[in-house]
Amino acid sequence: MSTDEKAPPRTARTRLAVAGARATTESVLGARSRGDRISNRLFQAVLLLGLSVAIAGLATMVIWAFVEGSPRLNTALFTAGPSTLNIEQAGYRPAILGSLLVIGGVIVLILPLGVGAAVYLEEYADKSRWWNRLFELNIQNLAGVPSIVFGILGLAFIVRQPLGLGFVPAAGALTIALLVLPTVILAAREALRAVPPSIREGSLALGATQWQTTWRQVLPAAMSGILTGVILAVARAVGEAAPLLLVGAVTFVTFDPSFFDPGFTTLPTQIFDWAGRPQEEFQVLAAAGVLIMLALVLVMNSFAVWLRNRFEQKW
Amino acid sequence: MRGVIDASSAGAESPRRSLEAPSPRYGEKAIKVFLGACGGLSVLVTAGIVLSLAFGAIDFFREVPVHEFLFGTTWAPSFSPSHFGVLPIVTGTLNIVFWALAVSVPVGLASAIYLSEYAPNRVRKTIKPMLEVLEGIPTVAIGLFALMFLRPLVADVLPFLDWGGVHSIGVAGIAVGLLIVPLVASISDDAMRAVPRGLREGAYALGASKLRVSLRVVFPAAISGIVAAVVLAVSRAIGETMVVLLAGGARAQITGDPTASSQTMTAYIGQTATGEIAFGTIAYYTIFAVGALLFVMTLIMNLFAIRLVRRFREVYE
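Here the protein sequences line up with chains A and B, keeping their order.
For the first sequence, this note's numbering gives the first residue as 1, with consecutive numbering after it.
For the second sequence, this note's numbering gives the first residue as 1, with consecutive numbering after it.
The hints are simulated quantities; they were obtained by calculation from the structure and are not laboratory data.
Glycine included, every Cβ here is placed at the ideal spot set by N, Cα and C.
Careful: at least some of the hints might be erroneous.
Unchecked claim - For lysine-lysine, the following DSS-like pairs were computed, each having C-alpha atoms within a straight-line distance of at most 27 Å:
hint	chain 1	residue 1	chain 2	residue 2
1	B	Lys-210	B	Lys-128
2	B	Lys-29	A	Lys-127
3	B	Lys-32	A	Lys-127
4	B	Lys-125	B	Lys-32
Stated by the list, open to error - If you want the ones that stay clear, here's a sample from chain B, every Cβ over 12 Å from chain A, calculated:
hint	residue
5	Phe-69
6	Gly-72
7	Leu-94
8	Phe-98
9	Ile-127
10	Leu-158
11	Asp-162
12	Gly-198
13	Gly-202
14	Thr-241
15	Ile-254
16	Asp-257
17	Ile-282
Using the sequences and the hints given, assemble the complete structure.
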């Protein structure tokens, strides 16, 4: 904290201001106006070009999925199982059910664990203790671990010993939950931090215990922010495929999966499976799957963004 | 002064109430322990990752010498005779990183500068959520898009290049770059918006144009945040799996040719996992050795990025 009052920021500031001033004075005293105005316009054009590449990427992808996948947009796509013989009537039923099972498991796990960890770090933890700083650094780090490494964890620890669940949807749910947990914790902490201290102080002053304060005042105030984080995490979990490849979600299943029985597949892994086959029809089928998934993820993301804008509070 | 002292001494006359809780509050303590356990879970997860990678890697290195793994130039774990030189899939990964950065850094930075310095508030409010939505697109979708749309498109635009099969490491890298544009844009945007207004105003007062303010004042002031964004982008590109699995191909070879097919570390793990691997075979353990290398590489990148982000947050308060 004390570093903020010391000199370094000011000198950095001064140095920059001087650099800016020098550069500008030079330009003012030198030949200005016309050439400068042109370069300004050019620069702005370059910036807009960059931004439009980003937006165009998004737009092209959505349009492509629609054009490519729309011929297969029929009810069989949702109600039928996969088939290699009758491709025209093949669908994503077991994959959709598998995805729902995994997502359900993920939500049940990340809500208490993610919010619990965030509450601990924001409301209870003493920041001067080394283990609490370790937790923080560790969570930031986990957020950057490649998803396929979580798949290895799932394969070695959850599918095999010590948990020994086998290649079941529950193992997939647990793996994905661990993967998105850091995202949920970081988002929930952000939401808790936005609740002003005066609310806590008021509650504590009236004699409420720390948990009563947290449960009845702080959590309700932070709810919309927490929910936004959870929805974004679930949207990510819907599209996540890499770790699931390692915990068995690429089985060819034609039956409805159940949570603790081996043999399951999910939307993204089924799409990956179709995409790897050479025939044209499978590619169309894969694109139709992408369309389902895009619709799902876009709706969830938009809902999260809407939720955040709707409930954004100024205290 | 005197009045205050009087009031406090008057208060002391009434019986002093203890502020201690009337009951031991075991529930409170149990809740605190539960919450602490949630926080500690992340450490357990990291420990689990490290242990699972280490045990598998130890079994692998019992059969393959470390130097052969790190410096060998032939990667053919499932052939006989098998070769375990990891360099071809490491260079495949570096290829992806190169092309991904070539796309995401200019596009992401241009977007960030525009959003933080040029865009009117209304435009910003619509574009930022759009970029966030782009960040949420499933990677399988982007992989399929790269394989079925981008690769033929690029081949049509650049017909003079020698396009081999349907896979191309360059196109896969471009797709990964598109994927991480929002990450670069949003972190750099945050860093540039954290630069105090006073700096800009000072420069404007001296007659600086917007271009000079953006590039000579704001950009250098936000540099640690921008570098952090790039480092995180590298980390994401190293770890990206589905796009390279679909569009990058499966030939483990050392090549600088963007049109060639080349396997990456993540693609190897994903492909081995989807094939039939028997538990306990050497192919099974290569997953852990490659995974450990991947983990170490991204860990170094992430620690570096976290430090940089922390620094830019502390500079201006």
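Which earlier hints turn out false for this structure, listed by number in ascending order?
Numbers 4, 9, 12, 13, 14 - these are the hints that the structure violates, sorted from lowest upward.
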